[in-house]
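Using the sequences and the accompanying hints, generate a full structural model.
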Amino acid sequence: MNCADCRQELELSFGQAEFDATVSEHLAQCADCRTYWVELTELAGSLPSDDAFVVDATTVEMLALKVDQAIDAQESKGKTTPGELGEQRSLLTWMRLLPAAAALLLVIGIGSAGYLLGRFDNRTTTMAGNGAAFEISQAMDDDYSEPDDPTVRLLLYDFASDRLYDASETLLDDITEEELRYLEQNFEVGDLL
Amino acid sequence: MATKEYEDIEELARKARLGDREAFSKIVRLMMSRTVALTYRMTGDSDIAMDLAQDSFVAAWEKLSAFRGEAKFTSWLHQIAVNKCLNYLNQASTRLNRSWDESNLDTHESAPSTSDPERTRQINLLREGVLRFMGTLPAMQRAVFELRFYQGMSFGEIARKLSKAEGTVKTHYRQAVQKLRRMATEKGWVS
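In the order they appear, the protein sequences are chains A and B. Each step along the first sequence adds one to the number in the numbering used here, with nothing skipped, and position 60 is 60. All you need for the numbering used here is the position in the second sequence, starting with 1, plus 1000.
Because the hints were derived from the structure by calculation, they are not lab data. Just so it is clear, CB atoms sit at the ideal spot from N, CA and C, and this is done for glycine as well. You may find that some hints are simply not true.
[To be verified] If the Cβ cut is set under 10 angstroms, some of the chain A residues that face chain B in the computed set are:
1. Leu-10
2. Ser-49
3. Asp-56
4. Arg-181
5. Leu-183
See below:
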């Protein structure tokens, strides 16, 4: 360590009790830097401490009362206490999370809708597939003609698909009295099976 | 400040953070003197120093919920006070010059009681000397000297608090020390 570096370190440690070991080594062999160190140490020691600037008790009390009044005035204006501020901060944190939560719900919603639409498409595909089966069936039975009534067509598709609805359950549970009468009047049991 | 007093203040700060006004009032009374000492050294004007100390406590109450307890409450409060002083000093450079007039170097604050009148006179003289020296420093150098010499902060801490590079903070401190040494030699403070 040279003298310039040593003095720089001594200035940085002004007011501190300790300094680097390399500084000690240099001081041990350099009288000029040792003099500089003694000078700075004396100066730091001669500076009045924090206690020299103390304020008397009466002034402290007067100032403390003013602080109390200032806080009271603020609170009467509607400013809140630290505890309330903490609660507000928590609320703000939640409010900040709201957009994220909304975005998450939107993603879930879109995902669910997509899933349901997919199922709908599958159903359509299945029905379409079953439609093909009907065509084969039609080819085998020249007398067959597809019923015009949509309710009946749906019942037939359901029966044929055997996936989304159980036809027998549909017939037993979901069919209305009116539909049943219609079926009885227009179809034989064999037509449905 | 005694260790017990520090512990008391930390405990009081914990209560105050939950909205306990009484605990905060006790903190104000325990820390007011040292806070005024800080603002006095920073501004050199006792009236301004007292105003800034009060403002610092009011600001501390407002910001208390943001105090996480990662640092000592005393350091946190003194940081608020230093920032208040820096804002004040930066607001108008004319204020800075005016505040260092001889007339403002009053002896409003009492020196520590000592039975030796000569010693009391010497302390008052040195105190004024320190105030005069602080008055010659630019605001940032003054803040660095205050935080390092009187608050005992590390250069790293000061750099973080003042949002400056550590090297810059060290340079400010060295320049302040060199200036102080020159002034002390001129005024004959040290033998």
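Hint check:
no. : hint    : verdict
1   : Leu-10  : holds (9 angstroms)
2   : Ser-49  : holds (8 angstroms)
3   : Asp-56  : holds (5 angstroms)
4   : Arg-181 : violated (75 angstroms)
5   : Leu-183 : violated (74 angstroms)
Of the numbered hints stated above, those contradicted by the structure are hints 4 and 5, listed in ascending order.
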